[in-house]
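> If you want the building blocks of each chain, they are given just below.
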Amino acid sequence: MKIRGLALLSAVVVVCLLFLTLQTRGQSYRAADALAFVTTPVQTVLARVNRTAFGLWSTYLDWKNVRAENLRLREEVQRLRIAGLRVDDVVTENGRLRRLLALQERLPITTLSGEIIAREWGGWVRSLTVNRGRSDNIARLAAVIVPEGLVGRVVDVRPGSAVVQVLTDPASTIGGHVVRTRTPGIVEGDPRGTIRFKYLAREGAGIQVDDVIVTSGVGGLFPRGIPVGRVRAIDDRGSALFHYALLSPTVDFARLEEVLLLVGEARQDVAAYFAIDG
Amino acid sequence: MRTLLALTVFGGGIAHATLAPALRVAGVAPDLPLVVVVLLALRRGPEFGCLAGFAAGLLQDAASGGLIGVQALTKGVVGFVIGAAGGRLRVTQPLVQVPGLVLLSIAEGMARFALLKLFQFPAAFGEVMMYVVLPQALYNGFLGAAFVLALAWAQSFRDRAA
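Chains as they are written, first to last, in my numbering: chain W, 1 to 278; chain X, 1001 to 1162.
Check before you lean on any hint, since a few could be wrong.
Within a straight-line C-alpha distance of at most 20 Å, the following computed SDA-like cross-link-like pairs (lysine to any residue) qualify [claimed, not checked]:
1. Lys2/W <-> Gln1120/X
2. Lys1117/X <-> Val13/W
3. Lys1117/X <-> Arg25/W
Per label pair, the in silico range of CB-to-CB distance [what the hints assert, rightly or not]:
4. Ala1146/X <-> Trp57/W: 14 to 20 Å
5. Val1025/X <-> Arg74/W: 31 to 37 Å
6. Leu1118/X <-> Phe54/W: 34 to 40 Å
7. Ala1146/X <-> Asp62/W: 38 to 44 Å
Stretch by stretch, here's where chain W covers chain X in the computed footprint (C-beta under 8 Å, at least three residues) [as the list claims (entries may be wrong)]:
8. 1026-1037
9. 1054-1061
It should be emphasised that the hints constitute simulated quantities derived from the structure, not laboratory data. No residue lacks a Cβ here, since even glycine has one placed at the ideal position from N, Cα and C.
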């Protein structure tokens, strides 16, 4: 066994050395050709198998990458959507502030802008709290407006804030008149969260749906001509002394973010500074 | 079984040139036929190791386009030596097999370098050792460990199934 092994090893060494010697003498091509006759077809097949296997593997990797990329892109879309919403919000806020600033600049009355920091929207009280107060020289009963019209009046002034009673508050009453007919009356809030125009029957015969009601300026609290609401329906109470017109407020109180508080003299007619049609 | 062994040796020898590049890590490719020859020689003895090494090396020489006989000689000798030593050493332990495979790879590399030097091989010994032989020997060691573990796992699986 041992001798056979050594004989085999010797044979291998001799054959190899023979090969090497033949090659150094320039006669390698015969041995190489004979081996290539065996190896080339096998290598060709192996190369094809290799290519196919790696093709499948790279297809799998591509699929995996596409999946990972898909997940990444989904996350990016989500992130961009949120960013887009933020941008929309900023654009909306920018638009609101621009309109508010434009109104502030063109009004002949001194105003102070304020941001709404709290809302009380229960049936008993409807009010807003703004971040302007005693230190900003805000006076009690000062009018609060936005580019669309009247919001309400300040009913409580605190050191850094003020509480605004909005028009829809059940306790809110302000003097107003119909732009088209000049019919005077009182705009009242009601517990349902709407506003109505109370007027003397004999003076309001001509009031129609869609008529615009503005502040009358009577009493000197509010400037004259600030839009309050638009007639939505008329409650004709026959022979009663007062009739009512249900109004749609010109201001969307639920969406208010910033307001202007009047701090100056409030005697002028400001109707020209608001967009009133009708 | 013999057919399978023959296919392993011959296939490994030829497949090396085709498949080994796919296993390259940081530019280092393993010497698959050497790993196969060593593992087979440990199980089957020096004669089988010698023949397997000779055949695999010869095919590797032919497939790679180098001097025919260099790897046939080195691998044949390595196969014989490890097959003969396998009976005397406790080479069934992976902790012996893996460093042994690294050392054998280095020895085979040095023998190949010495043989090639006889035929005016131009590269310097230090460079060949640093950039070819040692990295390949380490890779062979890791690959051998993986083979050994896979074989042990397959064996235990077969025993459990039986």
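> Run every hint past the structure and note whether it holds.
Status of each hint after checking the structure:
1. The hinted pair formed by lysine 2/W and glutamine 1120/X fails the criterion: a straight-line CA distance of about 35 Å is larger than 20 Å.
2. Note on lysine 1117/X and valine 13/W: the hinted pairing holds, with a Cα-Cα distance of about 17 Å set against a maximum of 20 Å.
3. Proposed proximity of lysine 1117/X and arginine 25/W is supported: the alpha carbons are some 16 Å apart, at most 20 Å.
4. Separation of alanine 1146/X from tryptophan 57/W is about 19 Å and conforms to the stated range, judged on CB atoms against 14 to 20 Å.
5. Restraint check, valine 1025/X to arginine 74/W: a C-beta distance of roughly 34 Å satisfies the suggested window 31 to 37 Å.
6. In this structure the supplied range 34 to 40 Å holds for leucine 1118/X paired with phenylalanine 54/W, their Cβ-Cβ distance being about 38 Å.
7. As the Cβ distance of alanine 1146/X to aspartate 62/W is approximately 27 Å, the hint placing it in 38 to 44 Å is violated.
8. By the rule of at least three residues with a Cβ nearer than 8 Å to a Cβ of chain W, the coverage given for the segment 1026-1037 of chain X is violated, with 0 such residues.
9. Counting residues of the segment 1054-1061 of chain X whose C-beta sits closer than 8 Å to any C-beta of chain W gives 4, which meets the bar of three, so the coverage hint holds.
Violated hints for the displayed structure, listed by number in ascending order: 1, 7, 8.
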